[in-house]
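S.K.: Full structure from sequences and hints, please.
Sequence order for the protein chains is H and A. If you count by my numbering, then the first sequence holds residues -7 to 457, one letter each, in order. If you count by my numbering, then the second sequence holds residues 20 to 331, one letter each, in order.
A couple of the hints might just be wrong.
[To be verified] Sample of chain H residues lacking proximity to chain A, with all beta carbon distances greater than 10 Å (derived):
id : residue
1  : Val109
2  : Phe328
3  : Met388
4  : Ser430
[To be verified] According to the in silico footprint, chain A covers these stretches of chain H (three or more CB under 8 Å from chain A):
id : segment
5  : 135 to 146
6  : 183 to 191
7  : 220 to 231
8  : 286 to 295
Note that these hints are calculated values from the structure, not bench results. Each residue gets a CB set at the ideal place from its N, CA and C atoms; glycine is no exception.
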Amino acid sequence: MQRSNSEPHPEALPAFITVLSQPLPYFGSRPVNGVMAAATLPSRRSLFRVAGLAGAAVLIPLSGCAGHAGQQNGVTTLRFMQNKPEVVNYFNQVIKDFEALNPDIRVIQDFNEGNFVPGLVRNDPPDVVTRGFATETAEFVRKGIFADLSGLPVAKTIDPKFQDLISSWGQYKGHETSALPFSIAAAGVIYNRDIFAAHGVAVPTTWDAFIAACETFKAAGITPIYGTFKDAWTLRQGAFDYVTGGMLDVGGFFRDLMARGANIPQSAPESFSNHYRSSLPKILQLASYSQNGAASKNYSDGNAAFGKGQAAMYLQGPWALSQLVQANKDIKLGTFPLPVTNDPDQTKVRVNVDMALSITRNTRKRAAAERFLNYLLEPSVVNTYNEKNAAFSPLMGAPAVSNPHLRGVAAHVAEGRYYQGAGTYFPPSVPMNNYIQSFVFNKNGEQFLTAVDDEWRRVAERTAV
Amino acid sequence: MTATALPAETATAAHNDPARALAVRSKRRIDPTYYWMVVPVLSLFAFFITLPALVGVFFSLTNYAGYGDWKFIGLSNYVNIFKDPAILQSYIFTFVFALTTTVVVNVVALAIALGLNAKIKWRTGIRTVFFIPMVLSALVVSFVFNYLFSNTLPVLAERFGLTPLATSILANENLAWLAIVLVTVWQAAPGATIIYLAGLQSVPAEVYEAADLDGAGSFRQFLSLTLPLILGYLVINVILGFKGFLGTYEIIVGLTGGGPGMATQSVAMRIFSGFTGGDYSYQMANAVIYFLITLLISVIQLRLIQRRGVSL
Chain H
-7 MQRSNSEPHP EALPAFITVL SQPLPYFGSR PVNGVMAAAT LPSRRSLFRV
43 AGLAGAAVLI PLSGCAGHAG QQNGVTTLRF MQNKPEVVNY FNQVIKDFEA
93 LNPDIRVIQD FNEGNFVPGL VRNDPPDVVT RGFATETAEF VRKGIFADLS
143 GLPVAKTIDP KFQDLISSWG QYKGHETSAL PFSIAAAGVI YNRDIFAAHG
193 VAVPTTWDAF IAACETFKAA GITPIYGTFK DAWTLRQGAF DYVTGGMLDV
243 GGFFRDLMAR GANIPQSAPE SFSNHYRSSL PKILQLASYS QNGAASKNYS
293 DGNAAFGKGQ AAMYLQGPWA LSQLVQANKD IKLGTFPLPV TNDPDQTKVR
343 VNVDMALSIT RNTRKRAAAE RFLNYLLEPS VVNTYNEKNA AFSPLMGAPA
393 VSNPHLRGVA AHVAEGRYYQ GAGTYFPPSV PMNNYIQSFV FNKNGEQFLT
443 AVDDEWRRVA ERTAV
Chain A
20 MTATALPAET ATAAHNDPAR ALAVRSKRRI DPTYYWMVVP VLSLFAFFIT
70 LPALVGVFFS LTNYAGYGDW KFIGLSNYVN IFKDPAILQS YIFTFVFALT
120 TTVVVNVVAL AIALGLNAKI KWRTGIRTVF FIPMVLSALV VSFVFNYLFS
170 NTLPVLAERF GLTPLATSIL ANENLAWLAI VLVTVWQAAP GATIIYLAGL
220 QSVPAEVYEA ADLDGAGSFR QFLSLTLPLI LGYLVINVIL GFKGFLGTYE
270 IIVGLTGGGP GMATQSVAMR IFSGFTGGDY SYQMANAVIY FLITLLISVI
320 QLRLIQRRGV SL
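M.R.: What follows is the structure, encoded as structure tokens:
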């Protein structure tokens, strides 16, 4: 028989007990954030808070229960949540160095991002947070979850064009700085330099040259682009984001779209149908240069196959580089931004704020949290991290990237010729990955545009109220 | 069950003898042991299941994202759900899937049970082999099958020249659900088989001897004797199976993740997406609607059971 899904997670119980063991006034009218302080019915609300806690404890599988860290013997304990399991060791070292310099602060690293929202519900979020910055984090910003960091001296060391990547999503109260970028990832077309050289293909700077390169490889019996369509996110991150970002003004489009609110008929100039139609044929063209059976290959299949030299190009970000080198340590890789137009000056690269640092508004250890955040943004910490992880440092005057894999996109990033992927603007309640996958499989552009327009409108309607 | 049977007995006794009824009423009518047994379970159930469910119902009337500020928005979440074709599609998928799977599971399980109940060599050993899928985690099973469908089968198909099978069935929007049915059946059939085996063993051998004397063939015996005699077990299997398959989740996550496209999104997956998607209240409304539908189905099924005179 099927196991029922409503079964409480075995670990939910201890987490719940932690909640209960906290002092009772905790349940009182302490607002979750500034907005909540305006509540008119504190008693009823706190009742629901208790009930909500019970609900959260049962319904959301909580793993691990961080004890209620507080101040003991003059030592402040901070909880630092970061969401990348692969860099836990780096941050452990950073924390060790920080603690040596600041003996009155102890930092616990928590790399379980799944704990974040439950932490908000319990009003016990981590003190310092780093997440990728896109729709979901922007939503937290809009709800006032994070403290204003604009007053920190370290905020002035951030390159304003990278800070714009964050503020373009909207600022709390219109002026606050809720997050500071820590790491910028630039994604383009990863290519196998040996295969390019063997067939005398130069890095294409126009769409036509790119298509010509694909045809050359195809004629030579080499898969031009390795497709991993089974993992729908790779289609969204690759073909969809690259083509739309390369030929349209994605940021401007979503700014206008969000300004329209829920009132967007499909015929409106702000609609997807109007804006994205022109990009669809190129997305399908990209997909058509993939190997047979791309639909049953996933991301890790793709890394293994591309690492073994089974294709000339791979539409993936820098996060794949280490996997590719792991699959074949002799592989010679490079990255170039996908040229989607025939004007090389128009070519842009996809970037995302891979890590952005925030301090939660309600932390009782603000001073210690600020000291830790200052330390994280010291050039030695932030630049070393980005150097090691094939990413770009957000600091002004950061050294130029030396990573040979990234040289092809470094100029574009430095000159600000970039965009944030269109797919990252969708709220998680719109299953955009699935829609794109469906579009690539069925090639029905009309259906795709209508579905996305409808879905966006429905979500806007129900979140606008 | 015993706890509910007891007061019924005392009540009849009290009805017959008013004097004793008074005496009984003044004393404790039920042995406190039953309270010791029932109350803790009931309170835990109420606290961990009923209360959160009610909280969910409450929040389905708000625009709560799971955190932060919220306000009441009345029934508009419910209205919106009925206008959402993606939700409707997930309902259609889930019900078609649950119906198909229930039928296939029961046919397969009954066939296996009949085979395992016959006098065959190595019966205990073979029975054990057939029950192995039950001990494996559904998620692990589905990841293994995912690998088979995506890598092994296409390679084999290509080698033998079966081109239509050379791409994974999981990548086909029209056929992916059949793969999910197959894996679910593989995983769920042993459980149903156990119940059928128990049923078959409860049928006395004399019945078959009599049928043999009357000259009934084995197919006739199955139709006219075995099936009616194990009908209660069949009803239980159908009801438990259908209920379980309506909540299908982990096998889909392991096989297709709801794809390709939107083809295999089950209702449970949509509801669960509300936790991470900031769509908590909307999916809570979805959950309430789904609860009411399953409640209705349960009531109908319970009626059927009572008519058949079997109890769960």
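S.K.: For each hint, tell me whether it holds in the structure or not.
M.R.: Status of each hint after checking the structure:
Not every Cβ of chain A is farther than 10 Å from the Cβ of H:Val109; the closest lies at roughly 6 Å, contradicting the non-interface assignment. The Cβ of H:Phe328 lies farther than 10 Å from every Cβ of chain A, with a closest approach of about 29 Å, so its non-interface assignment holds. Taking the minimum C-beta to C-beta distance to chain A, about 33 Å, the non-interface status of H:Met388 holds against the 10 Å cut. A beta-carbon of chain A is positioned within 10 Å of the beta-carbon of H:Ser430; the least distance is around 3 Å.
Only residues whose C-beta sits within less than 8 Å of a C-beta in chain A count toward coverage, and the segment 135 to 146 of chain H has 3 of them, enough to reach three; the restraint holds. For the segment 183 to 191 of chain H, the proposed coverage by chain A is not satisfied: 0 residues have a C-beta within less than 8 Å of a C-beta in that chain, short of the threshold of three. Counting residues of the segment 220 to 231 of chain H whose CB falls under 8 Å from any CB of chain A gives 3; the rule of at least 3 is met. A count of 5 residues in the segment 286 to 295 of chain H with a Cβ less than 8 Å from any Cβ of chain A is obtained; the coverage claim is therefore met, three being the minimum.
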